[in-house]
Amino acid sequence: MLKSLQHDSNSAPSEQVSWKERSEAVVEAFRHAWKGYTKYAWEYLPVIALGMDELHPVSQRGSNWFGLGLTIIDTLDTALIMNQTDIFEQAREWVKTDLKFSSDENANVFEVTIRVLGGLLSTYHLSNDSMFLGKAVLLAEALMPAFSTESRVPLSSVNMAKKKGVAAHFSGGASSTAEVSTIQLEFKYLAQLTKNQTYWDLVEQVSEILEKLPKEDSLVPIFIDSNTGHFVGSEIRLGSRGDSYYEYLLKQYLLTNGTETSHKTQFDGSMQGVRKHLLGKTKANGLTFVGERPSGITGHFSSKMDHLVCFLPAVLALGATGGRRIPHAQRPILLNHQEREDLLLAEELTLSCYEMYRQTKTGLAPEIVHWITDSESASNGIVSQDGDFYIARNDVFNLLRPETVESLFTMWRITGDEKYREMGWNIFQSFNQFTRVETGGFSNIDDVTSGSPKKTDKMETFYLGETLKYLYLLFADENIIPLDQYVFNTEAHPFPIFTPPSSFTDSWKRAGHS
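FYI, numbering that gives the first Met the number 0 numbers position 462 of the sequence shown as 461, with every residue one higher than the one before it.
Rather than coming from a laboratory, the hints here were simulated on the basis of the structure. Some hints could be false.
[Said to hold, decoys possible] Simulated pairs of lysine to aspartate or glutamate, EDC-like, Cα-Cα distance not exceeding 20 Å:
hint: 1; residue 1: K282; residue 2: D267
hint: 2; residue 1: K95; residue 2: D128
hint: 3; residue 1: K275; residue 2: D373
hint: 4; residue 1: K275; residue 2: E207
hint: 5; residue 1: K34; residue 2: D456
hint: 6; residue 1: K457; residue 2: D394
hint: 7; residue 1: K162; residue 2: D128
hint: 8; residue 1: K34; residue 2: E437
hint: 9; residue 1: K360; residue 2: D416
hint: 10; residue 1: K162; residue 2: D103
hint: 11; residue 1: K162; residue 2: E104
hint: 12; residue 1: K19; residue 2: D416
hint: 13; residue 1: K457; residue 2: E366
hint: 14; residue 1: K275; residue 2: D200
hint: 15; residue 1: K161; residue 2: E140
hint: 16; residue 1: K38; residue 2: E20
hint: 17; residue 1: K194; residue 2: E140
hint: 18; residue 1: K454; residue 2: E53
hint: 19; residue 1: K453; residue 2: E366
hint: 20; residue 1: K280; residue 2: D385
hint: 21; residue 1: K99; residue 2: E53
hint: 22; residue 1: K453; residue 2: D394
hint: 23; residue 1: K214; residue 2: D200
hint: 24; residue 1: K275; residue 2: D224
hint: 25; residue 1: K38; residue 2: D103
hint: 26; residue 1: K280; residue 2: E375
hint: 27; residue 1: K275; residue 2: E338
hint: 28; residue 1: K457; residue 2: D445
hint: 29; residue 1: K454; residue 2: E437
hint: 30; residue 1: K214; residue 2: D267
hint: 31; residue 1: K211; residue 2: E149
hint: 32; residue 1: K38; residue 2: D97
hint: 33; residue 1: K95; residue 2: E140
hint: 34; residue 1: K211; residue 2: D267
hint: 35; residue 1: K95; residue 2: E42
hint: 36; residue 1: K194; residue 2: E210
hint: 37; residue 1: K453; residue 2: E437
From just these sequences and the hints, can you work out the full model?
So this is what it looks like as structure tokens:
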């Protein structure tokens, strides 16, 4: 293991045996996923392309989304963390030789930033190889045309060949609120590494616009007009198009070593808004969940919850503790009342997210659930085994998503409670049983409520970049990537915490803390 990733471990040898074997099982799964990718998507001859974005393991082919080798980039730091140097060297050679930023495709700014820019930056830190930083600078320059709007809020996509931003087609040209607010960690860390304030200002001005917009209890609608810089619509949710706005409020504060205090203030306010407007309890077993307000805060409360919302327990726990280990007995001493409440809510939501897995036939979660409450009963769906939620027929699929195992990993690190590791092991076994393709790779499945689900022939890049990484870290030495020294971006690429130069324009100055 790379020495830069860990401290000396004080764990007793007897504690390491079974967890070491389990971490090695995750490494085997990672190598199996990579084997499928290199066998069928590394060189896909019908289109004469090297390094396709994604693997389709059942049909044994690759496909491109943006033509940027997304699976390869998402794999790099996972390979380093797992000490799989052969895979790292293979991926590194592709980045050095074949990664170009000149595709005549409309590349989503958010997706490319979190996956490719984030992956290059974390790999640069972990490997100390300047080639990765050089590629990151080239990519950042290629993304900048998307910010050429009247408001400076970026357009949804960019055409790197034409050097032109492109508006979204599906939302009347509006950008996703989560997408425009989930590029800050990557550009700020790049600014720190290069000492180039341009990158910092580019994304900080977006944060400033969002901060000044009127909100109800610090909760934001899920769309924003890139030209006017104003929110579009009133729908409030912490699932798709809303989720990582809240995540990056806290993580900007953590990554910059607590200097950007206005981001923490906004995060704390938004969590109060969540408590006031979005929390519910199930009728069967009193599970806590986060619902939605499709028509705004004063409108109808929906018990619908995306699996994506399962990022929230990890973020709440990090906000309460700063990533420190806080055993239960020490909470009254080390945490204030609000921090204790946030950590308790994180525990409750982590359990609910795990139950989304446990209460299905496959032991895997669907994409979306509807929690059954006193006011919302099951309708036109499949009721879970213990009756806490139902799944609409269109939502029964699983995409190998990482959010629940991310929260299990974070809760294990912060509380030291072994139950989170056992939960993660159960999930990993289910992934291995139902999504593994014997010839190489893993696949999404069509129905978690079926005892024999069909593989739908796609391995998401985040399965290697996030899901398997978090599972490995859940089972491995707990001092690898310490959470009080690193912040994971929303694609699970770890950045080291830093104190920015006072010359950078940042939110804590706007808040009056000079």
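Verification of the supplied hints:
A hinted pair counts as satisfied when its Cα atoms are at most 20 Å apart, and K282 with D267 does not qualify at roughly 28 Å. A hinted pair counts as satisfied when its Cα atoms are at most 20 Å apart, and K95 with D128 qualifies at roughly 11 Å. This hinted pair checks out: K275 and D373 have alpha carbons roughly 18 Å apart, not beyond 20 Å. Proximity of K275 to E207 is assessed by CA-CA distance (about 25 Å); at most 20 Å being required, the pair is judged violated.
Between the alpha carbons of K34 and D456 the distance comes to roughly 16 Å, so the proposed pair stays at or under 20 Å and holds. Distance hint between K457 and D394 is fulfilled; the C-alpha atoms sit about 17 Å from each other, no more than 20 Å. Among the hinted pairs, K162 with D128 is inconsistent with the structure: their alpha-carbon atoms are about 28 Å apart, more than 20 Å. Among the hinted pairs, K34 with E437 is consistent with the structure: their alpha-carbon atoms are about 11 Å apart, no more than 20 Å.
About 26 Å separates the Cα atoms of K360 and D416, which puts this hinted pair outside 20 Å; it is violated. The hinted pair formed by K162 and D103 meets the criterion: a straight-line CA distance of about 9 Å does not exceed 20 Å. Pair hint K162 plus E104 holds up; C-alpha atoms about 11 Å apart against a cutoff of 20 Å. A threshold of 20 Å between alpha carbons decides the hint, and for K19 with D416 the separation of about 17 Å falls inside it, so the pair holds.
The hinted pair formed by K457 and E366 meets the criterion: a straight-line CA distance of about 15 Å does not exceed 20 Å. The hinted pair formed by K275 and D200 fails the criterion: a straight-line CA distance of about 34 Å is larger than 20 Å. Under the criterion of a C-alpha separation no larger than 20 Å, the hint pairing K161 with E140 is consistent with the structure, at around 13 Å. Between K38 and E20 the alpha-carbon distance is near 27 Å, which puts this suggested pair outside the 20 Å criterion.
Restraint check for K194 and E140: the C-alpha separation of about 15 Å stays at or below 20 Å, so the hint holds. Note on K454 and E53: the hinted pairing holds, with a Cα-Cα distance of about 15 Å set against a maximum of 20 Å. Of the pairs offered as hints, the one joining K453 and E366 holds, with about 15 Å between alpha carbons and a cut-off of 20 Å not exceeded. Taking the CA atoms of K280 and D385, the gap is about 14 Å. The hint holds against a cut of 20 Å.
At most 20 Å may separate the alpha-carbon atoms for a hinted pair to count; K99 and E53 meet this at roughly 17 Å. For the hint linking K453 to D394, the alpha-carbon distance of about 14 Å falls within 20 Å, and the restraint holds. Distance check on the hinted pair: K214 and D200 sit about 23 Å apart at the alpha-carbon level, beyond 20 Å; violated. Between K275 and D224 the CA atoms are separated by roughly 27 Å; this puts the pair beyond 20 Å, and the hint is violated.
Only pairs whose Cα atoms come within 20 Å are accepted, and K38 paired with D103 is rejected, the gap being roughly 26 Å. Distance restraint check for K280 and E375: the Cα-Cα separation of roughly 11 Å lies within the 20 Å cut-off, and the hinted pair is therefore satisfied. A hinted pair counts as satisfied when its Cα atoms are at most 20 Å apart, and K275 with E338 qualifies at roughly 17 Å. For the given pair, K457 sits about 11 Å from D445 by alpha-carbon distance, which is consistent with the 20 Å threshold.
Only pairs whose Cα atoms come within 20 Å are accepted, and K454 paired with E437 is accepted, the gap being roughly 12 Å. Pair hint K214 plus D267 holds up; C-alpha atoms about 14 Å apart against a cutoff of 20 Å. About 16 Å separates the Cα atoms of K211 and E149, which keeps this hinted pair within 20 Å; it holds. Simply put, K38 and D97 have alpha-carbon atoms about 18 Å apart, close enough for the 20 Å limit, and the pair holds.
The hinted pair formed by K95 and E140 meets the criterion: a straight-line CA distance of about 18 Å does not exceed 20 Å. Our distance criterion of 20 Å between C-alpha atoms is met by K211 and D267, whose separation comes to about 16 Å. Note on K95 and E42: the hinted pairing holds, with a Cα-Cα distance of about 16 Å set against a maximum of 20 Å. About 25 Å separates the Cα atoms of K194 and E210, which puts this hinted pair outside 20 Å; it is violated.
A hinted pair counts as satisfied when its Cα atoms are at most 20 Å apart, and K453 with E437 qualifies at roughly 14 Å.
Going through the hint list in order, the structure does not satisfy hints 1, 4, 7, 9, 14, 16, 23, 24, 25 and 36.
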